[in-house]
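Participant: Residue numbers (the numbering used here), protein chains in the order written: chain A, 1 to 127; chain B, 1 to 304; chain C, 1 to 256.
Heads up, a few of these hints could be off.
Said to hold, decoys possible - Computed beta-carbon distance windows for the label pairs:
{"#": "1", "chain 1": "B", "residue 1": "87", "chain 2": "C", "residue 2": "40", "range": "31 to 39 angstroms"}
{"#": "2", "chain 1": "A", "residue 1": "62", "chain 2": "B", "residue 2": "69", "range": "31 to 39 angstroms"}
{"#": "3", "chain 1": "C", "residue 1": "15", "chain 2": "A", "residue 2": "63", "range": "42 to 50 angstroms"}
{"#": "4", "chain 1": "B", "residue 1": "246", "chain 2": "A", "residue 2": "120", "range": "44 to 52 angstroms"}
Claimed, not checked - If you want the ones that stay clear, here's a sample from chain B, every Cβ over 10 angstroms from chain C, calculated:
{"#": "5", "residue": "27"}
{"#": "6", "residue": "120"}
{"#": "7", "residue": "122"}
{"#": "8", "residue": "173"}
{"#": "9", "residue": "243"}
{"#": "10", "residue": "252"}
{"#": "11", "residue": "267"}
{"#": "12", "residue": "275"}
{"#": "13", "residue": "277"}
{"#": "14", "residue": "278"}
{"#": "15", "residue": "283"}
Simulated from the structure, these hints should not be mistaken for laboratory data.
Since the model is a prediction, treat every value here as computed from it, not as a measurement.
Ideal Cβ placement from N, Cα and C applies to all residues, glycine included.
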Amino acid sequence: MDEGRPIFQQIAERVENDILSGALVEEGQVPSTNEFAMFYRINPATAGKGVNLLVEQGILYKRRGIGMFVAAGARERITARRREQFVLEYVAPMLAEAASLGIAPGQLTQLIDTQLIESQLTEKETR
Amino acid sequence: MNTQTPVIQVDGLSRTYRDVAALKDVSFTLEPNIICGLLGRNGAGKTTLMRMLTGQDFPSAGSARVFGQDPVENSAVLQQMCFISESTRYPEGFQARHVLTGAPWFYANWDAAFADELVGKFRLPLKREVRKLSRGQQSALGVIVGLAGRAPVTIFDEPYLGLDAVARHTFYDTLLADYAEQPRTILLSTHLIDEVSNLLEHVLVLDEGRLLLDQSADSLRGSASAVAGRAGDVDSFAEGRQVLHRDTLGGLATVTISGRLTSADRVAAAAANLEIAPVSFQQLIVDLTTQSTPQPSLASVVYE
Amino acid sequence: MTAISIAPAATRIPSRHRITKVMRLQMVNRLTYLGIPWIITGVALVISIVVAVLISVSVPEPGRQAALEGMAYSWAGLSPFWYLAVVGVQAVSAIFPFALGFSITRREYALGTLVTFVVIAAFNATGWAILTEIERAINAAGLTFHHFTALWFSEVGAGSVWLSLFTLQIVIFAVASAFAAVYARWRAMGMLVLWTAVALVVLGLIAFALLTGSAVPIIDWLMGFTITGFFAALLIPATLAFALGWAALHRAPLRG
Numbered sequence: 001m002d003e004g005r006p007i008f009q010q011i012a013e014r015v016e017n018d019i020l021s022g023a024l025v026e027e028g029q030v031p032s033t034n035e036f037a038m039f040y041r042i043n044p045a046t047a048g049k050g051v052n053l054l055v056e057q058g059i060l061y062k063r064r065g066i067g068m069f070v071a072a073g074a075r076e077r078i079t080a081r082r083r084e085q086f087v088l089e090y091v092a093p094m095l096a097e098a099a100s101l102g103i104a105p106g107q108l109t110q111l112i113d114t115q116l117i118e119s120q121l122t123e124k125e126t127r
Numbered sequence: 001m002n003t004q005t006p007v008i009q010v011d012g013l014s015r016t017y018r019d020v021a022a023l024k025d026v027s028f029t030l031e032p033n034i035i036c037g038l039l040g041r042n043g044a045g046k047t048t049l050m051r052m053l054t055g056q057d058f059p060s061a062g063s064a065r066v067f068g069q070d071p072v073e074n075s076a077v078l079q080q081m082c083f084i085s086e087s088t089r090y091p092e093g094f095q096a097r098h099v100l101t102g103a104p105w106f107y108a109n110w111d112a113a114f115a116d117e118l119v120g121k122f123r124l125p126l127k128r129e130v131r132k133l134s135r136g137q138q139s140a141l142g143v144i145v146g147l148a149g150r151a152p153v154t155i156f157d158e159p160y161l162g163l164d165a166v167a168r169h170t171f172y173d174t175l176l177a178d179y180a181e182q183p184r185t186i187l188l189s190t191h192l193i194d195e196v197s198n199l200l201e202h203v204l205v206l207d208e209g210r211l212l213l214d215q216s217a218d219s220l221r222g223s224a225s226a227v228a229g230r231a232g233d234v235d236s237f238a239e240g241r242q243v244l245h246r247d248t249l250g251g252l253a254t255v256t257i258s259g260r261l262t263s264a265d266r267v268a269a270a271a272a273n274l275e276i277a278p279v280s281f282q283q284l285i286v287d288l289t290t291q292s293t294p295q296p297s298l299a300s301v302v303y304e
Numbered sequence: 001m002t003a004i005s006i007a008p009a010a011t012r013i014p015s016r017h018r019i020t021k022v023m024r025l026q027m028v029n030r031l032t033y034l035g036i037p038w039i040i041t042g043v044a045l046v047i048s049i050v051v052a053v054l055i056s057v058s059v060p061e062p063g064r065q066a067a068l069e070g071m072a073y074s075w076a077g078l079s080p081f082w083y084l085a086v087v088g089v090q091a092v093s094a095i096f097p098f099a100l101g102f103s104i105t106r107r108e109y110a111l112g113t114l115v116t117f118v119v120i121a122a123f124n125a126t127g128w129a130i131l132t133e134i135e136r137a138i139n140a141a142g143l144t145f146h147h148f149t150a151l152w153f154s155e156v157g158a159g160s161v162w163l164s165l166f167t168l169q170i171v172i173f174a175v176a177s178a179f180a181a182v183y184a185r186w187r188a189m190g191m192l193v194l195w196t197a198v199a200l201v202v203l204g205l206i207a208f209a210l211l212t213g214s215a216v217p218i219i220d221w222l223m224g225f226t227i228t229g230f231f232a233a234l235l236i237p238a239t240l241a242f243a244l245g246w247a248a249l250h251r252a253p254l255r256g
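Between the sequences and the hints, there should be enough to build the whole structure, so can you do that?
Facilitator: Structural data, given as structure tokens:
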């Protein structure tokens with residue numbers, strides 16, 4: 001767990017990560033609040049808060065007496081939101097750091113292109 | 001969820017021993033069925049407060065109520081409570097099996113099978129005199145009574161002094177599993193704040209007999225940040241904010257700032273070449289309780 | 001979601017049962033109340049028998065009977081009583097804080113402990129009274145041996161022997177536990193005040209007797225008691241001591 005942020009948010013994020021990675025499939029059942037609590041060694045109420053957050057966002061839904069399931073279209077919703085966050089969390093800081101290092105915008109796009117090509121090459125090699 | 005009648009209600013509670021004030025005007029309420037941490041340094045008044053809650057000691061002023069009633073000499077209330085104290089002195093000749101034989105006579109919810117299971121988990125020798133057990137084994141005995149007692153209000157005072165890391169994690173896991181199945185109110189005092197911080201739903205912090213913090217664990221987490229950089233930049237960033245702690249090294253400074261930072265703050269900090277790091281739960285409590293003069297107003301500053 | 005609801009309250013245990021359970025808690029370690037007093041009784045009895053054998057072997061015939069009769073003044077039968085004073089102190093100093101830790105009220109603790117004292121005293125008194133009767137039978141059969149049949153025992157019936165053994169234990173328990181209770185409440189200062197008060201009362205009574213010249217009438221008055229009456233009357237100071245103990249204990253905080 002990361003010290004800086006409320007645990008319930010981190011729990012929600014981990015569930016989202018699992019949905020993105022395919023570990024949790026749409027319409028599939030997710031572990032119970034108590035199972036989350038035991039697994040992450042956190043207070044069950046906190047785990048419940050994290051799960052509730054996802055219910056409010058329409059990522060998860062409850063089936064009375066059965067449990068919690070991943071909503072249809074959850075993956076898409078998470079991806080859309082994370083794309084917005086990506087700009088804030090990665091692109092903006094990168095631009096700031098680039099500016100402080102004196103990297104010109106043109107050089108920056110060039111760096112990104114080079115990096116992309118390299119990673120594609122290594123991907124091919126490993127296949 | 002916060003609309004229930006409080007299980008514990010403390011109003012203006014003070015306790016003075018001769019001329020030493022152990023508790024000063026402490027007031028708070030606890031919702032039922034939460035795990036609450038009671039944190040603070042040695043001598044902060046944690047044990048005194050717990051003794052007031054269990055009718056073992058008497059308030060000098062103010063009141064402590066449990067289930068809406070005064071716990072002092074109140075059998076109906078006390079029967080719903082189990083207080084496991086680090087300072088328990090076991091009578092001479094008492095063996096662990098004597099304690100475990102006696103416990104079910106007084107705790108109506110006692111689960112004998114669970115107690116047996118825990119004896120195995122903690123590897124507690126039953127036929128040795130309790131006074132001759134190690135500190136950790138004595139703690140394990142208390143933990144077993146506290147967990148198997150399943151009292152609606154269970155109070156642990158430094159429950160795991162001398163327990164090794166394995167035994168402590170056994171305690172955390174067992175507590176969580178059992179609490180998830182049978183929710184009850186648990187009040188826990190400890191020095192190992194980082195280890196338990198994730199288990200807690202609510203936090204009370206005592207310092208020199210005063211209640212410094214009374215808030216949910218989640219709102220406390222991330223409610224302070226460490227800002228590091230050139231001393232001048234750091235200080236101008238910190239200006240007008242509540243500074244809990246300040247360290248300097250040459251021309252560099254680190255300050256702990258209370259209050260959550262906005263994204264605008266983060267942008268400003270990045271522009272000024274300042275580094276921002278989260279402050280751990282334990283570090284936050286340490287910073288709060290190492291100030292030379294306790295500032296009661298802090299509670300409202302940190303509180304969201 | 002986490003179904004947050006007030007846990008079903010624990011079933012309550014009636015007060016009467018909790019008092020009996022305090023008694024069981026006091027006696028959970030049987031060695032304290034039953035084991036050691038009877039071990040002391042046994043050891044003392046063996047010593048008395050050895051002494052009697054030594055007297056029979058070493059003292060020449062003319063004085064032998066007198067020497068054996070002299071064992072009646074050994075008080076050997078009362079040897080476990082000193083240990084009971086320790087028990088009375090421990091019942092408070094060790095079990096009281098422990099009992100509060102088990103969520104027992106002071107009142108339940110005090111009543112349970114009082115019942116424990118009465119039961120233990122009655123049990124021990126019965127045992128010792130039976131042994132006394134056996135010894136009397138041995139003496140009646142012509143074999144002189146005194147361990148239990150000491151002091152006043154030779155003068156009264158079995159019932160009075162039982163009563164005297166019972167009340168003596170009660171007095172010891174009451175006084176010892178009262179001292180321990182005063183200590184639990186007021187610590188060293190309480191001890192100081194209590195001892196000083198006891199000394200002053202004793203000195204005051206002696207001074208009163210001497211100064212008013214009422215020493216002789218008082219002694220006559222005491223001698224006027226039957227043995228049974230005297231021991232029955234001992235229950236009055238015992239009750240006062242218990243009252244003092246409760247007065248101290250009912251507001252005693254737990255500390256340290």
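Participant: Where does the structure disagree with the numbered hints, that is, which hint numbers, in rising order?
Facilitator: Nothing - there is no hint that the structure violates, so all of them hold.
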